[in-house]
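Starting from the known structure of chain A, arrange chain B on it as the hints suggest.
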Amino acid sequence: DTAVSQTPKYLVTQMGNDKSIKCEQNLGHDTMYWYKQDSKKFLKIMFSYNNKELIINETVPNRFSPKSPDKAHLNLHINSLELGDSAVYFCASSQDKTQYFGPGTRLLVL
Amino acid sequence: GEDVEQSLFLSVREGDSSVINCTYTDSSSTYLYWYKQEPGAGLQLLTYIFSNMDMKQDQRLTVLLNKKDKHLSLRIADTQTGDSAIYFCAGANTDKLIFGTGTRLQVFP
Numbered sequence: 760d761t762a763v764s765q766t767p768k769y770l771v772t773q774m775g776n777d778k779s780i781k782c783e784q785n786l787g788h789d790t791m792y793w794y795k796q797d798s799k800k801f802l803k804i805m806f807s808y809n810n811k812e813l814i815i816n817e818t819v820p821n822r823f824s825p826k827s828p829d830k831a832h833l834n835l836h837i838n839s840l841e842l843g844d845s846a847v848y849f850c851a852s853s854q855d856k857t858q859y860f861g862p863g864t865r866l867l868v869l
Numbered sequence: 053g054e055d056v057e058q059s060l061f062l063s064v065r066e067g068d069s070s071v072i073n074c075t076y077t078d079s080s081s082t083y084l085y086w087y088k089q090e091p092g093a094g095l096q097l098l099t100y101i102f103s104n105m106d107m108k109q110d111q112r113l114t115v116l117l118n119k120k121d122k123h124l125s126l127r128i129a130d131t132q133t134g135d136s137a138i139y140f141c142a143g144a145n146t147d148k149l150i151f152g153t154g155t156r157l158q159v160f161p
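Going down the list, the protein sequences come from chains A and B. Position one of the first sequence corresponds to residue 760 (my numbering), numbered consecutively onward. Position one of the second sequence corresponds to residue 53 (my numbering), numbered consecutively onward.
Chain A extracted, bound-state conformation (with noise of 0.2 Å):
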């Protein structure tokens, strides 16, 4: 019964690759969050949906591409992966002004 889910947790790849990363809430909350934590602990916001609607989008590599199929579901794909990419994944969602995050996807670009 977890509320907010990321899949895979971890995920390790090669520079220049392709890959996704999932995430779901069973609150039934209107709004989903992508953030990103640097190797310094640093978090930020990357993007915002709002009942599938992009609402922020912060300034993002245009190689990031959130995808959200319906309310529950905030996908992210990254193309052309870069060393730089690096970092801990963090999904979100809110109803009210309380957002409850996932438990993060680790991602490793060699």
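The set of hints was computed from the structure by calculation and includes no laboratory data. Built from N, CA and C at the ideal position, the CB exists for glycine as well. Do not take every clue at face value.
[Said to hold, decoys possible] Output of the computed footprint for chain A on chain B, the stretches with three or more beta carbons under 8 Å from beta carbons of chain A: (1) 94 to 100; (2) 139 to 148; (3) 151 to 158.
[Stated by the list, open to error] For lysine to any residue, the following SDA-like pairs were computed, each having C-alpha atoms within a straight-line distance of at most 20 Å: (4) K768/A x E57/B; (5) K799/A x A93/B; (6) K800/A x D844/A; (7) K856/A x M105/B; (8) K768/A x A93/B; (9) K795/A x R156/B; (10) K768/A x L842/A; (11) K803/A x E57/B.
Just chain B now, kept in the frame of chain A:
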């Protein structure tokens, strides 16, 4: 844009109180949050405070907000080893959370 600052480290003895501080620049932040991140884990929402409040208490946690100085603090009473983690403050006036740099709390016996 919003800038949120925290001290990087705090070390306390088990049973003492911990106070984690945060300063922010955007006075329009209507909600301010504290999240906890344990090693290898996601972010756990601990508590939040509306900007029209000065204080909020929730069991061992006390949040103090000084809007004039744009200063937020989290006090953990009777700190336990299980409280060792990184603590993030965050501000929001829309759906976008702006996180602080995180404070690593270490509790020693």
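We went through each hint and held it up to the structure:
| no. | hint | in the structure |
| --- | --- | --- |
| 1 | 94 to 100 | holds (count 5) |
| 2 | 139 to 148 | holds (count 4) |
| 3 | 151 to 158 | holds (count 3) |
| 4 | K768/A x E57/B | 29 Å, violated |
| 5 | K799/A x A93/B | 15 Å, holds |
| 6 | K800/A x D844/A | 14 Å, holds |
| 7 | K856/A x M105/B | 16 Å, holds |
| 8 | K768/A x A93/B | 10 Å, holds |
| 9 | K795/A x R156/B | 19 Å, holds |
| 10 | K768/A x L842/A | 18 Å, holds |
| 11 | K803/A x E57/B | 14 Å, holds |
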